[in-house]
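Trainee: Start from the sequences and build out the full structure, keeping to the hints where you can.
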Amino acid sequence: KAGVTQTPRYLIKTRGQQVTLSCSPISGHRSVSWYQQTPGQGLQFLFEYFSETQRNKGNFPGRFSGRQFSNSRSEMNVSTLELGDSALYLCASSLRGFEETQYFGPGTRLLVL
Amino acid sequence: AQSVTQLDSQVPVFEEAPVELRCNYSSSVSVYLFWYVQYPNQGLQLLLKYLSGSTLVKGINGFEAEFNKSQTSFHLRKPSVHISDTAEYFCAATGVGYGGSQGNLIFGKGTKLSVKP
Chain A
25 KAGVTQTPRY
35 LIKTRGQQVT
45 LSCSPISGHR
55 SVSWYQQTPG
65 QGLQFLFEYF
75 SETQRNKGNF
85 PGRFSGRQFS
95 NSRSEMNVST
105 LELGDSALYL
115 CASSLRGFEE
125 TQYFGPGTRL
135 LVL
Chain B
-2 AQSVTQLDSQ
8 VPVFEEAPVE
18 LRCNYSSSVS
28 VYLFWYVQYP
38 NQGLQLLLKY
48 LSGSTLVKGI
58 NGFEAEFNKS
68 QTSFHLRKPS
78 VHISDTAEYF
88 CAATGVGYGG
98 SQGNLIFGKG
108 TKLSVKP
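Residue numbers (the working numbering), protein chains in the order written: chain A, 25 to 137; chain B, -2 to 114.
No incorrect hints appear here.
Below 20 Å or equal to it, Euclidean Cα-Cα: the simulated EDC-like pairs (lysine to aspartate or glutamate) are:
1. A/37 - A/109
2. A/81 - A/99
3. B/46 - A/124
4. B/55 - A/123
5. B/106 - A/109
6. B/106 - B/5
7. B/109 - B/12
8. B/55 - B/17
9. B/66 - A/123
10. B/55 - B/82
11. B/55 - A/124
12. B/46 - A/123
13. A/81 - A/124
14. B/55 - B/13
15. B/113 - B/12
16. B/55 - B/85
17. B/106 - B/17
18. A/81 - A/123
Calculated from the structure, these hints are not laboratory results.
Mentor: Here is the structure:
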């Protein structure tokens, strides 16, 4: 069974631009969660999608948004990029949610200049 | 706001020695607890989780953790570590009071375990 895949793996953007990251979950998994990892703030939960609906959301501004498609693939969008958005963005999938084992992708490393 | 505290940012230990990585969480009526490991340049991998039932939870790679409700702790232990256990370990919690219908998964800052020969 293929694991969680994230594209692209690396990305360089400039302040003010927007970016879209993609996550393909493990086949059959309906829950997809997104996380931001930075040296200063550590791992922070962004949001979780289940069956195309955002079910949970962390404490991030509205510039961070996401969506999930009918095949459970998910995208995350960050508009009006700021230098502080430079981070490793991780996606994880599970069958139904946090209480299940989450499988993480390798992440997308975003650098904002 | 609910929080997860990992008391040690770095833990150096010699190979074959025992290790304990400490984690404390905010009190909650109902809490789910997790330990994840992140090997260098890799994504996170679940080591073990506590949802309910037995307070001693066994995970992969010989790790175990004990849920202690009175001390709001969920410390991770391994009786004998190997060089390959060198990684960063994250404690996480979710549940009632952590936000959202199923919870906002809150992570600790991480503990870097360094196993020396």
